[in-house]
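J.: Listed below are the residues making up each chain.
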Amino acid sequence: MIVPAREYKFSEIIADPGIRKRWDKVRRYFFLRESTYDMSNRCNIRCEGCYYFAGEKQFAEENRDPAAWLQLLEAEKARGITFVVLAGAEPSLVPELCEVCYGVIPLGAIASNGLNSLPQEIDYRVHISVWGNDRTSLAIRKAPDMLVRQMANYQNDPRAVWVYTFTPVNIDEAREVTQLLAKGGLKITFNMFSAPVGYKGPLRHTAETLAQTAQVMTELLAEFPETVLFSPYNILAHTRPQGLHELFSCSYPRMNKATDIGLGRTFRQYRTNLQWDREAACCVPDTDCDDCRHYAAGSAVVTARMYRHATDPVTFSAWLDYVDTYLAVWVKGYEKGPNLCDAPVLPPPNNE
Amino acid sequence: MDNDGTQTITRIAEIIINALQLEDVTPQTFDPDLDLVDEVGIDSMDLATIALVLRDEYGIRIDEDDYPKLTTVRIIAEYINTKLTSGE
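Residue numbers (the working numbering), protein chains in the order written: chain F, 1 to 352; chain G, 1 to 88.
Isolated chain F, as found in the complex:
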């Protein structure tokens, strides 16, 4: 672990020209206020360990009335939401509703399995989920030729980022997938399988698979810097034995009772019936919080902990790399810069 040689003032840290430039770049996006929306209770595939089909939300009635969605999104905009995440179960099954959302709040991302091509008019980031090579996808997701079909649907599409979810059974396949995407000039980022509540299957990570995953991520980041949207600090933060909540104290309402400021105040997770429940509201509901290493969670939770990372130039650079990565992954048109920090920075102590 890097131990600062002395205490630094924040003004000293950002006096470094490289840090200052990156700080000025990322802070322009501090206005982002997210909420997430389940768009449909249907999916065209059924994956083992799927978060959507865990818990109660899968039973919510589906509201397919564009006028109701328009009314909801306008209300969301009025209460200050500037970024939408359209997720469960498969948003591409209801493109007309995605289009309504885009018409009201033009910044956002859609989580999709990529088997349907979303209309170009919906100019959000599109996150395409990958759970291994096509043999493993067939076994886990029961769908053939997933990567081939995803790449056909989103070749040369600047909206697309592939999200590779590392499980204990696909660690060695990440190279094959990354190579394929690199050849196509496409982008990939990394996610960690995080067990849904009550999940007892084989995809839950162990200390050994976390370490193996960190090793492979490190290799791929070094070998494919133009393709992989990640940083050394992302790797460390997401492959520790402790989950994100233990490391950073999750700021989503489900684990954060404070309603005064930040995500605890503004974040909502709407179900397909356009209702939301504060007790269940987080970026990936029904995840076992002790096992949560989701990329979506980290994007908010690590970013929110800026103060504790502003201890010295190295630690703050690592945090800037994390935020730069998160913005590149989530905001279409945001270009990730080279990582500033290659040093092994461990998450600062969590005193909350």
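If you're looking for bench data, these hints aren't it; they were derived computationally from the structure.
Values in this document were obtained by computation on a predicted structure and should not be read as measured data.
All C-beta atoms, glycine included, are put in the ideal place defined by N, C-alpha and C.
Treat the hints loosely; a few may be bogus.
Stated by the list, open to error - Below, simulated DSS-like cross-link-like pairs (lysine-lysine); rule was C-alpha separation at most 25 Å, straight line:
(1) Lys9(F) x Lys69(G)
(2) Lys83(G) x Lys21(F)
(3) Lys9(F) x Lys21(F)
Stated by the list, open to error - If you want the ones that stay clear, here's a sample from chain F, every Cβ over 12 Å from chain G, calculated:
(4) Lys9
(5) Gly18
(6) Phe30
(7) Arg149
(8) Gly201
(9) Ala207
(10) Arg278
(11) Asp288
(12) Ala304
(13) Met306
Chain F is fixed; fit chain G onto it per the hints.
T.: Just chain G now, with coordinates in the frame of chain F:
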């Protein structure tokens, strides 16, 4: 800290105005009792930025748990005063 806290209040207002690039307000005209979240519109990242500048200025550490309490310039000034007095 100045005895009546006026200088501190003005300086905190100046820091907030600079950090948030607020227009049409000066440190002298900034209402110290305005609710920073509800009426000025700051969020957690803004507040973290302000907290770092305050840390530089006053040499105090602002606990992340304390952010939600810091709702007005006057309350921030009192918070700083308490920290300075207690030597934290």
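J.: Next step is simple, just say for each hint if it's right about the structure.
T.: Hints and how they fare:
no., hint, in the structure
1, Lys9(F) x Lys69(G), "holds (23 Å)"
2, Lys83(G) x Lys21(F), "violated (32 Å)"
3, Lys9(F) x Lys21(F), "holds (17 Å)"
4, Lys9, "violated (4 Å)"
5, Gly18, "holds (18 Å)"
6, Phe30, "violated (4 Å)"
7, Arg149, "holds (39 Å)"
8, Gly201, "holds (36 Å)"
9, Ala207, "holds (28 Å)"
10, Arg278, "holds (16 Å)"
11, Asp288, "holds (24 Å)"
12, Ala304, "violated (6 Å)"
13, Met306, "violated (5 Å)"
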